[in-house]
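Got two chains here, separate frames each, mind docking them using the hints?
Each chain, written out:
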Amino acid sequence: MICQECNQRPATLHFTKVVNGEKAEFHLCEKCAQEKGEMFMLGSGSGFSINNLLAGLLNIQPAFQGAGQDPFQKEKVLQCEQCSLTFQQFIKVGRFGCASCYETFKDQLNPILRRLHSGNSSHSGKIPARIGGTIHLRRNIDDLKNHLKEMIAKEEFERAAELRDEIRKLERQLNADQKGGE
Amino acid sequence: MSLERFINQAISSWMSAEGPDSDIVLSSRIRLARNIKQYKFPTLFSNEEAEAVIEKIKARVEHSSFSKLGEMELLLMDDLQPLQKRVLMEKHLISPHLAENSTHGACLLSENEEVSIMINEEDHIRIQCLFPGFQLSEALNMANEIDDWLEEEADYAFDEDIGFLTSCPTNVGTGLRASVMMHLPGLVLTQQMNRIIPAINQLGLVVRGIYGEGSEALGNIFQVSNQITLGKSEEDIAEDLKSVVSQLISQERSAREALAKTSNIQLEDRVFRSYGVLSNSRIIESKEAAQCLSDVRLGIDMKYIKNISKNILNELMILTQPGFLQQYAGGQLRPHERDIRRASLIRERLKMEDQELGG
Chain A
1 MICQECNQRP ATLHFTKVVN GEKAEFHLCE KCAQEKGEMF MLGSGSGFSI NNLLAGLLNI
61 QPAFQGAGQD PFQKEKVLQC EQCSLTFQQF IKVGRFGCAS CYETFKDQLN PILRRLHSGN
121 SSHSGKIPAR IGGTIHLRRN IDDLKNHLKE MIAKEEFERA AELRDEIRKL ERQLNADQKG
181 GE
Chain B
1 MSLERFINQA ISSWMSAEGP DSDIVLSSRI RLARNIKQYK FPTLFSNEEA EAVIEKIKAR
61 VEHSSFSKLG EMELLLMDDL QPLQKRVLME KHLISPHLAE NSTHGACLLS ENEEVSIMIN
121 EEDHIRIQCL FPGFQLSEAL NMANEIDDWL EEEADYAFDE DIGFLTSCPT NVGTGLRASV
181 MMHLPGLVLT QQMNRIIPAI NQLGLVVRGI YGEGSEALGN IFQVSNQITL GKSEEDIAED
241 LKSVVSQLIS QERSAREALA KTSNIQLEDR VFRSYGVLSN SRIIESKEAA QCLSDVRLGI
301 DMKYIKNISK NILNELMILT QPGFLQQYAG GQLRPHERDI RRASLIRERL KMEDQELGG
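Residue numbers (the working numbering), protein chains in the order written: chain A, 1 to 182; chain B, 1 to 359.
Pulled out of the complex, with its shape left as it was, chain B reads as follows (with noise of 0.2 Å):
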């Protein structure tokens, strides 16, 4: 299969689209976890309760579809292979806890692949919406319409006092997790992380790196979330987070500007060499990929670099990842195999963007 064909197919609407504040927010994401009033919870239930919840889903998707989403595709993990699970794991599709440890576990996934809607996980359904960019209320919305969808014909575990019941008591309440993918390179460099991960902990929101640890996270690629899913309202934690992601909007903002007032001709250098390594590396560990891609983001966005597209980023954080370079490549690789692999992915994916440049 062509790169060109390869990545047309691999690519989620969340990783190319533009969206609002898209130059530091790469991704929104709302889940809302669910269960069915009459089966017990994915931990303790028995294969035919299992097989009667994705039935029940079944039911209700060829009932009546809901149209905002088109066709729905139900993939049953048991159907698929090890490596499959591992690609749409990569892409935020479905859970690693989906993949791996469920029973009967399932996945309905939009066309877009905005939406997929896992079935049996930790909770019977847990909605996922994924929007590009900064587009929190959307996406809370578009689960919420989901939510009603399914609502018409199953009934909900619902206690009047503390909310939608879940498996785990962290999600009660709302069931809600709302979280918000950032690139905050400039916040890093200027090494105002680890003031600013314990000052956004204490708002009841958690930071972390998507691809990492802590502040050391890969490729400067940070993920807020909320913590706290009882006592507010669904409106009131998208709001919290808003509020929380706007400044850090504005704080990364400014960094960049400072960095590019007090170290121009470094900044530009480290984008230039790290542009140089991906274009030129023929081994490349995830790491370095991550941050070199990072970098060349960075350039992108502070137009030292002018030719590129601003998603690779988005889409070769994706592409690199284990997963999806061996299923590029239609077989397992070891992982020396793996960075040799990454690093002519990287160059190839580059070189396109010379050619439809040239073309």
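Extracted from the complex, chain A is given alone in its bound form (with noise of 0.2 Å):
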């Protein structure tokens, strides 16, 4: 088989890409595979595919939003203070320009984190030590008074007691921290 690039040497690098279902199927020969760039070869192309997949991801976003909506109404452009970076601008690249943007583009972004991370849109992992703050407390108080639901739901009232007076002691503790802080 001959490089479909140059015609004229042998292709030795074959590959299929698939984007969104459209097989398209590549056979150049090693010279022009590396002026196409090398990024087939190296496997870095993952990140780039992530970010296309990601741009048609948001661009479904509009229709979704748009339905209830007055289509004569002007749009107001949605911009990050901090950054300046525009929704529309976020679109194209896929990527935030500043820690603000999240907070900016909240309201667009909770489906789409739904839609990348199977319907997940709230952390559960680490907090850092640090800067976490009160974080840890609050989650703690949060998973303690869980419990106590369950343990009141089960008439297990006391081991409720118990839990009741472990979120008290938290909660104060929670206050002289805020106070502390301010």
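The set of hints was computed from the structure by calculation and includes no laboratory data.
Treat each hint with caution, since some may be false.
[Said to hold, decoys possible] In the SDA-like style, the derived pairs of lysine to any residue whose C-alpha atoms are separated by at most 25 Å in a straight line are:
#1 A/Lys106 / B/Lys37
#2 B/Lys58 / A/Ala129
#3 B/Lys58 / A/Arg130
#4 A/Lys17 / B/Gln291
#5 A/Lys92 / B/Thr43
#6 B/Lys58 / A/Ile131
#7 A/Lys145 / B/Asp159
Remember, predicted model here, so these are calculated numbers, not experimental data.
This is the structure in structure tokens:
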């Protein structure tokens, strides 16, 4: 087989690319493959394709959102105050500009995150020790409260009372921490 | 430079050390993506901010080094030759993005090359731990410790609801990518990969060939990694991956057993033919070399070949890539010249095995 780029040398690199279900086959010689960028050979293509897929996902967005809106109303340009990235720009590059973007585009972001992370939209992993501040404590309290409800439902009141005391203790600590932080 | 010295310098611990299940799992990798709150992400940040990020990390290292890692070396991408970057890339210590497209990109490398912290890649900080064999939890623990150490002085971009904020929303939450590199010739030879890959994809994990595309992975080497970073804890992500990898290991083992039972002589023939090609060829392309190396490694694991060390596959897969070949040659090589170099490097490496045993 002859290389499809230069039509001279024999093709030594064969690969199939599937984008949005469309299959494309490539047959290149090593030289042309190199010129076309070595991404294919090094397997760095995934970042590239994830980005494309993402842009695809984001582009669907307006169709869902636009349904209830007045189509003639001029859309306000949503822009991050910190880094001046607009939502349109984000769709193009698939990358945020700064930490505040997550706050700015929060409403648009949630459905996207669900789609990317199979339905999940809230973090349940590690919390940074230093800047995490009271999050640890609050999560702890939430856990205990859930536990407390369970115990009440099971009518294990003795255990429930213990939990209640523990929650109170932690809440006092939380209040103290918050005051101390101010 | 002699080949032996070149190899000694070129080999990172993940390629030569033995790890659990290292007949099938070549390496385990953990990557954590982190950003510093006060600076814009690398897609938009200014030169000054990029420099400030590097300074911050530098100061952290100088202030108090992380004892477990020993001396860390800071490599600035701007100071490196293209070939040097390429070599780091082929060793999986830095990403192509950091090598080619980063502004003031840098990499903080531990002495044994198990830990590399990429700076100003897609995110400000990417902690990467690469361990030999099947050691995901160990790698995760190490990454967590480094993360805590860095966090002592850097204010991370973190949101209570969605976790660690990353440049790309596909990494948000834990910022964790866990991946395992596996050699699966048994499953490929028995044509089971095409069935297995879609099944694994359904579990939110991705399988891909690291030197090729899809099921036609070059050298039968596959990488399995998590896709989802949000909503699960780091430990759960690692556990899910571990359980799938464990299953793959046992399937690969039974595929090898079945092959030995049903087509022992054919397999042995294949192994020794490949060995013949590697030890005699004068010109060899990367694809053929990868396939032959895979066969020989399988032959070693299945005890057809007894006098060659196991890590030859890991070593030569890396050393026969264009960047390394050119570094060994001491200059640019055209593709055709590389194929000649590749063949001679492999022959020399195999000869070293003979000498070691003879002497």
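So, against the hints stated earlier in the document, which numbers end up violated here?
As far as the earlier hints go, not one is violated by this structure.
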